[in-house]
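> Chain X is fixed; fit chain B onto it per the hints.
Chains as they are written, first to last, in the UniProt record's numbering: chain X, 1 to 350; chain B, 1 to 1104.
Each hint should be verified, as a subset may be incorrect.
[Said to hold, decoys possible] Residues from chain X shown here face chain B by an in silico Cβ test under 8 angstroms; the list is partial:
no., residue
1, P48
2, Y137
3, N196
4, I200
5, W298
6, L341
Honestly, the hints are just simulated from the structure, not real lab data.
Positions of the beta carbon are idealized from the N, C-alpha and C atoms, including for glycine.
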Amino acid sequence: MMSSNTASSSAAVAGSADSAAPRRNSKKPKYSRFTQQELPACKPILTPRWVISAFLLVSVVFIPIGVASLFASRDVVEIVDRYDNDCIPDNTTDKVNYIQTPGDKSCNRSITVPKRMKQPIYVYYQLDNFYQNHRRYVKSRSDAQLRDNSSASDTSSCKPEDTYNGKIIVPCGLIAWSLFNDTYSFSRNSSQLNVNKKDISWKSDREHKFGSDVYPSNFQSNDTVIGGASLNSSIPLSQQEDLIVWMRTAALPTFRKLYGRIEVDLEPNDVISVTLQNNYNTYSFNGKKKLVLSTTSWLGGKNDFLGIAYLTVGGLCFFLALVFTLVYLVKPRRLGDPSYLSWNRNPGGH
Amino acid sequence: MKRYVYINDDESARDLYCDNCISNRKYTLLNFIPKNLWEQFSRFMNQYFLLIACLQLWPLITPVNPASTWGPLIFIFAVSATKEAWDDYNRYLSDKKANEKEVWVVMHGIRKLVQAQDIHVGNIIWLRENDEVPCDLVLIGTSDPQGVCYIETAALDGETDLKTRVIPSACMGIDSELLHKIKGVIECPSPDKDIRRFDANLRLFPPFLDNDVCPLTIKNTILQSCYLRNTEWACGVAVYTGNETKLGMCRGIPEPKLTAMDAMIDKLTGAIFVFQIVVVIVLGIAGNVWKDTEARKQWYVKYPEESPWFELLIIPLRFELLCSIMIPISIKVSLDLVKSLYAKFIDWDNEMIDQETGTPSHATNTAISEDLGQVEYILTDKTGTLTENKMIFRRCCINGVFYGNDSGDALKDVELHNAVSSRSPDVIHFLTVMAICNTVIPMKTKTGDIFYKAQSQDEDALVHAAARLHMVFVNKNANILEIKFNGSTIQYEVLETLEFTSDRKRMSVVVKDCQNGKILLLTKGADEAILPIACPGQQTRAFFEAVEQYSQLGLRTLCLAWRQLKEDEYEEWSLLFKEANSTLVDREWRIAEVCQRLEHDLEILGVTAIEDRLQDGVPETIEALRKAGINFWMLTGDKQNTAIQIALSCNFISPEPKGQLLLIDGKTEDEVRQSLERVLLTMRITTSEPKDVAFVVDGWALEIALKYYRKAFTELAILSRTAICCRVTPSQKAQLVELLKSCDYRTLAIGDGGNDVRMIQQADIGVGISGREGLQAARAADYSIGKFRFLKRLILVHGRYSYNRTAFLSQYSFYKSLLICFIQIFFSFISGVSGTSLFNSLSLMAYNVFYTSIPVLVSVLDKDLSEETVMQHPQILFYCQAGRLLNPSTFAGWFGRSLFHAIVVFVISIHAYAYEKSEMDEVSMVALSGCIWLQAFVVTLETNSFTILQCIAIWGNLASFYFINWIFSAIPSSGMYTIMFRLCRQPSYWTTVFLIVAAGMGPILALKYFRYTYRPSKINILQQAERLGGPILSLGSIEPQPRPILEKEVSPLSITQPKNRNPVYEPLLSDSPNTRRSFGSGAPFDFFQTQSRLSSSYSRNKDN
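Next comes chain X alone, as it looks inside the complex (with noise of 0.2 angstroms):
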């Protein structure tokens, strides 16, 4: 803002002075300090001193916020468990074929909690391999035909999944069309974990993208191609959360999407047994398909990235900074020394 600003009122100087265009012998020019290139003006330059105690300072303070950060990670309290291949019945040959083929596919898991996992503990199911940036992909929606009712017909960036049968698909596209459809129950010592689907996804997401009035139709009616999961056509997309959550589409192949929340603590060493559905095909493209329950932090989910990076960088900006201090102390060269002008040392030479 306050730069446009900047930007309209030298633009305005020029301007009438180019409408005032100095003609010959008629009008001096203005004196103004911008006109003559005057405007009082900070010249630093980078002697040791500042140098090495930015770098100082840098590494003073990203040390700390890496501890911090690392710790952070350290508390958060994650259980990964990768189901794909074990939740396929061992004498299967040909994967693909039987997670295409409809039928009961549940499967079950048991998880040990390694520490205490204080609640909410957050449900995702993680993909691996999965490319929801791809362009065919991330393309393929209406978020026109998702807001607003009357728009229900506005499908032309859905192909291919824009209309079956000459009837408009809602919600159309790719995006909803490859539905997460894995499901997942909890149980500990047999008692049922209540896993809790409400509120997953964003609130503006709820409230302004998906709208209250779109109800799905023809939505996965397409017999010969399977793909998600299926929406229930009574209820609106407003609150089909997993749908809203999904169609959040990942910026990596890799990811991880909010199932539910478990709204109780968890103890070390509870054992936790999952009942899932594996409906959902990965096995297609050798995706992975991963459950997590996580706990969270004030810097999000376990992720150890940004506290080593904060450390290296401080810890490099230390390094520098220390170099210096010694080169500088060694062999110290003075500033701005005429004598290091060539044209004052021989005509003839460098």
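Then chain B, alone, in the frame of chain X:
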């Protein structure tokens, strides 16, 4: 081709020639859009962007909304189209004003007031005093009984004096009442652009006089845009109208000049373009391979089995669109914007205002300021450029007696005054020639004072000097001249004026003494044009010596001579002259030939010496610019000796033993070749020595050298830092510029007169001095300045800053575009090489147009060194000259920096925002924020001086980035609804951004600091010296020392000079050539010039 103009014939010529409707417009209402678009699209860059924009309309391949290219493209087009339209509208308005101006025209025999645009060829037009002439007219009548009128031609050639125009002899004496009934035919050439020539004939039809053919010259015309002055009325026949007038033909759009920097930027753009194509091909192939191997397995992508024929092209085209931002669309607009600001800074500069006349400097060409910083050769005119062109009569030699030698001012010489009062006949004749052998017009002011309107400064000086010596030229009434000498009035009748031309180098008048009826030929001219035609008996030695002595002092000499003509001789010659005047072919040459028949056997009266003082600060300016590594050539029409003297006195060449002058001369090819070879040999030897070697060449030898020995002369031109070319013609000046340009040097030509116009237009940069010889040069030039000394500031301050700023701005533009493009490329590796854009359309568009262009635009205020430092160390200009700040290697640095920053931003963003946070919109905003933050720090690091505007622009821009994104995050329908609010609440967003800044800037700061401290460039050293305080005077040598010039400025320039010079002088006329000449012989080389003369250290490609 000829045209026949039938005077006052209303019907015949009406359709033959155009009417007088002037049109300077480029466009009409109808053709504006197609024509303007066509012009804009003739630029390659625009074609490229149009192609990209069109491709984006294909939804299958476009990664982003087409608006992200169309928006800026249309904006840029609209800006330039608006500018064009505004200019054209202004032209239309001024045309309209001129066209609708009412003038008195004779139509069907009646005088009517009609609009100027309705004038047709052949119409008779009446003008009153102070009227502007609407078209080119041949005069047929004026209010003056002698048929004279006065016009001001300032708008045509910039000369501010009044010029006289006369009616043709055939129209003499026609009663003004009958003028509108006149009938006749004018035979004139087809329209051309020569405003000094009009070779035509007039024949009046009966009843008006006879059937004789009457010759017409330019003196009988008044041209469009002149003003009628001091004449009650005048009337003339329209011969050229509308856009076919001489002025209209002169008008033309000059070729736009391209700076070396623009060429370099174009080259780099080309390189980036090639790089882009390579990237597109590689990624396109990779994308197709990935598609066939991997994407078919990704069932959710649903690749169709059957694909159209262009399937293979789709992915490469997508990448082409994705990478199109590599070439910044905004660079052209940004550059145009800052260039016009550079030009404004020149216009505004208070230190470049000529205090005497109040003339500010002016940049006519706003596009080439950077070139000023890269000048390698300056070709300068002498008179009026180095000197003031304010002529003062200083000395004279009358019949062997020298006046003014003691005091330096003949007007104060008592002996001369005594001679005048004793009415010594020689002196009286001398003064008479001074007073009346000229084309000066005396004018009386209301108070009765006399002032003179003179075309040449020399004549003005002579007439003034004569007046001081009591020979006052009081009145010129048609052909009668009145002179007051000691109270008595003498009248002369001017019979003929034999005008000055640069070939003849002399002018004469034939006058009749009204007292005794004697006919006299009075001549003045250059010594070589007068002395050879002296009458055989006269001793001219004294005059030779006088000329010699005066030119040694750097004075301009004129020889005055006279001869009494016999009545019959004059009559006979007069017929010839009249005939020559009416020839249509080669008139000038014929006239010269006829004149020569009269100008012989002259009695030489004496020699005048006129001083043309050096302008203030010329030696300092030349010294500073030479230190800056700029080579100087002086091109003058003046005599060799005068030129050398001026050159010496303004530091152009050094006196012995430091300097050495080599002479190239000769009258024949052979002689010229020999001397050229000799000079070349000497040059080659001495280039290794710290010695100022200059060569001197005169026009004749130059002609031969350029014609036959171009190669050798070119080599000489490259070897020599200094040259003096004397007696050169305007076209030779232009040829020399051409020669240097062909050696790939950046040339700057500076001059003040009409004879410099061609050189100024030819050079890469033309600078005109808005001086006394009119504004012709200043108009033709790219820059006009009031005084020569402003050249130093123009080059060292404005040129250098412009270069530095543009170097930063252009490379930075590429850097920021490459940065975002690299990120897109990296992202494509994790998005299945499918051409997905990480950033949304809005961000991409705003990135180039807002986020990154404003901070860099204020870099036009950046100053790496203060003006004073640059002025004290002109050597620093070397960095600009050699293109050190913008070349492929500096560009490679910026390229590497953008690659590094792209890696930093990309790697950190995708790792910090991994797993559950890897939401597309969020990751894209994190990466974009990282880029914007890095931009701000990069600009900060690269800025040398921070003014308040820069701080506001850099940090305000960062703030406005958040502000704009918050606005978009608040709009539910936008793609990035709530994104920015969410991010700003996350600690991980801020930690990520700071990590990006630290990781991106740390190495760059460290590297820069290391270079700055341990491998500093000269600029860095001076920066450090300047800012660590204290005076920057280094070893005391760089300062311009108080020079002996000071003393000279008080007294006339040259009195102290000849004493300490070896008096080995060149003979006046180079009739004894072939002597290798130097001032003094074989003096031991001087090695004391340890400090400032860096002659060879700053030759083109040397020095670190």
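> Work down the list of hints and note, for each, if the structure agrees.
Here's how the hints hold up against the structure:
1. Given hint, X/P48 at the interface with chain B, holds; its Cβ is 7 angstroms from that chain's nearest Cβ, closer than 8 angstroms.
2. Against a cut-off of 8 angstroms between C-beta atoms, the interface hint on X/Y137 holds, since the closest Cβ of chain B lies about 5 angstroms away.
3. Proximity of X/N196 to chain B is violated relative to the hint, the smallest CB-CB distance being about 17 angstroms (cut-off 8 angstroms).
4. About 11 angstroms separates the beta-carbon of X/I200 from the nearest beta-carbon of chain B, more than 8 angstroms, and the hint is not met.
5. Taking 8 angstroms as the C-beta contact cut-off toward chain B, the hint placing X/W298 at the interface holds, the least distance being around 6 angstroms.
6. The closest approach between the C-beta of X/L341 and any C-beta of chain B is roughly 6 angstroms, which is under the 8 angstroms cut-off, so the hint is satisfied.
Figure legend: structure checked against the earlier numbered hints; hints not met, in rising order: 3 and 4.
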